[in-house]
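K.L.:
Below are the chains, spelled out letter by letter.
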Amino acid sequence: GAGVSQSPSNKVTEKGKDVELRCDPISGHTALYWYRQRLGQGLEFLIYFQGNSAPDKSGLPSDRFSAERTGESVSTLTIQRTQQEDSAVYLCASSWGLAVQETQYFGPGTRLLVL
Amino acid sequence: RKEVEQDPGPFNVPEGATVAFNCTYSNSASQSFFWYRQDCRKEPKLLMSVYSSGNEDGRFTAQLNRASQYISLLIRDSKLSDSATYLCVARRGGYQKVTFGTGTKLQVIP
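As they're listed, the protein sequences go chains A and B.
Counting from 1, one number per residue, gives the positions in the first sequence under our numbering.
Counting from 1, one number per residue, gives the positions in the second sequence under our numbering.
Please keep in mind that the hints were generated in silico from the structure rather than gathered at the bench.
Owing to the predicted nature of the structure, the values given are computational and were not obtained by experimental measurement.
Glycine residues also receive a C-beta, built at the ideal position from the N, C-alpha and C atoms.
It cannot be assumed that every hint is accurate.
Reference excerpt, derived from the structure (chain B facing chain A, CB under 7 Å, subset only) [to be verified]:
hint	residue
1	SER26
2	PRO44
3	LEU46
Using 25 Å as the maximum straight-line C-alpha spacing, the simulated DMTMM-like pairs for lysine to aspartate or glutamate come out as follows [unchecked claim]:
hint	chain 1	residue 1	chain 2	residue 2
4	B	LYS97	A	GLU72
5	A	LYS17	A	GLU44
6	B	LYS2	A	GLU85
7	B	LYS2	A	ASP63
8	B	LYS45	B	ASP7
9	B	LYS97	A	GLU44
10	B	LYS97	B	GLU5
11	A	LYS15	A	GLU68
12	B	LYS45	A	GLU44
13	A	LYS11	B	ASP39
Next up, chain A with everything else stripped away, as it sits in the complex (with noise of 0.2 Å):
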């Protein structure tokens, strides 16, 4: 069946532009995550959606950051007055939902270049 899928693939922008980072989840994952992974780094949590919670935003790293979710389907990440320093991968990843072992799909990932 059909994986996690985001879009763009790329995004080259300039600074203090707005951005929006999309990502449709599995059909069905009731939980979807957000991470950043600069270049040679790690991943770093973001957001987190489950259900019709309220979302986990202890990871976003400044209030240029938001993310929404509409139900249990796509989400969108915005990044306003884009800086240099945003210039990373943004890895949207999702899972059934509350079982402590469920796994995390990955989505390919939109690499944001901030000229």
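Since the structure of chain A is provided, determine the placement of chain B on it from the hints.
P.N.:
Leaving out everything else, chain B in the frame of chain A:
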């Protein structure tokens, strides 16, 4: 202190060698653990879950030591295709936040 710590490597090993990675976690509330593999410029993919009793999948063996708060991954008979970064993951029970280590890079050389 990072919640999940790994030796970044790189580990350079010849084909056919056995190599082991350790990963330590600091939060004793962590309940489930995983190893993911990430190839260069690709997304992470699940390699295996780690159970208290340890588990084996072909050439790969994962172990969990709760007393010392570390997990390990053993790769036997290394293949060139095993070259990748191996990410250790800890997940807390009752709360779905997942913490990734920064990864250990393995390079298998002919």
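K.L.:
Take the hints in turn and mark each one as holding or not.
P.N.:
Right, here's what the structure says about each hint:
1. The restraint placing B:SER26 at the interface with chain A is violated, with a minimum CB-CB distance near 15 Å, outside the 7 Å limit.
2. At about 5 Å, the closest approach between the beta carbon of B:PRO44 and any beta carbon in chain A falls short of 7 Å, and the interface hint on this residue holds.
3. Given hint, B:LEU46 at the interface with chain A, holds; its Cβ is 5 Å from that chain's nearest Cβ, closer than 7 Å.
4. In summary, the hint linking B:LYS97 to A:GLU72 is supported, as the alpha carbons are separated by about 18 Å, within the 25 Å threshold.
5. With a C-alpha separation of about 22 Å, the suggested pair A:LYS17 and A:GLU44 falls inside the 25 Å cut-off, and the hint holds.
6. Annotation: proposed proximity of B:LYS2 to A:GLU85 holds, straight-line Cα distance about 21 Å (limit 25 Å).
7. Taking the CA atoms of B:LYS2 and A:ASP63, the gap is about 24 Å. The hint holds against a cut of 25 Å.
8. A hinted pair counts as satisfied when its Cα atoms are at most 25 Å apart, and B:LYS45 with B:ASP7 qualifies at roughly 19 Å.
9. A threshold of 25 Å between alpha carbons decides the hint, and for B:LYS97 with A:GLU44 the separation of about 11 Å falls inside it, so the pair holds.
10. The hinted pair formed by B:LYS97 and B:GLU5 meets the criterion: a straight-line CA distance of about 16 Å does not exceed 25 Å.
11. For a cut-off of 25 Å, the pair hint linking A:LYS15 to A:GLU68 stands: about 23 Å separates their Cα positions.
12. At most 25 Å may separate the alpha-carbon atoms for a hinted pair to count; B:LYS45 and A:GLU44 meet this at roughly 16 Å.
13. The hinted pair formed by A:LYS11 and B:ASP39 meets the criterion: a straight-line CA distance of about 21 Å does not exceed 25 Å.
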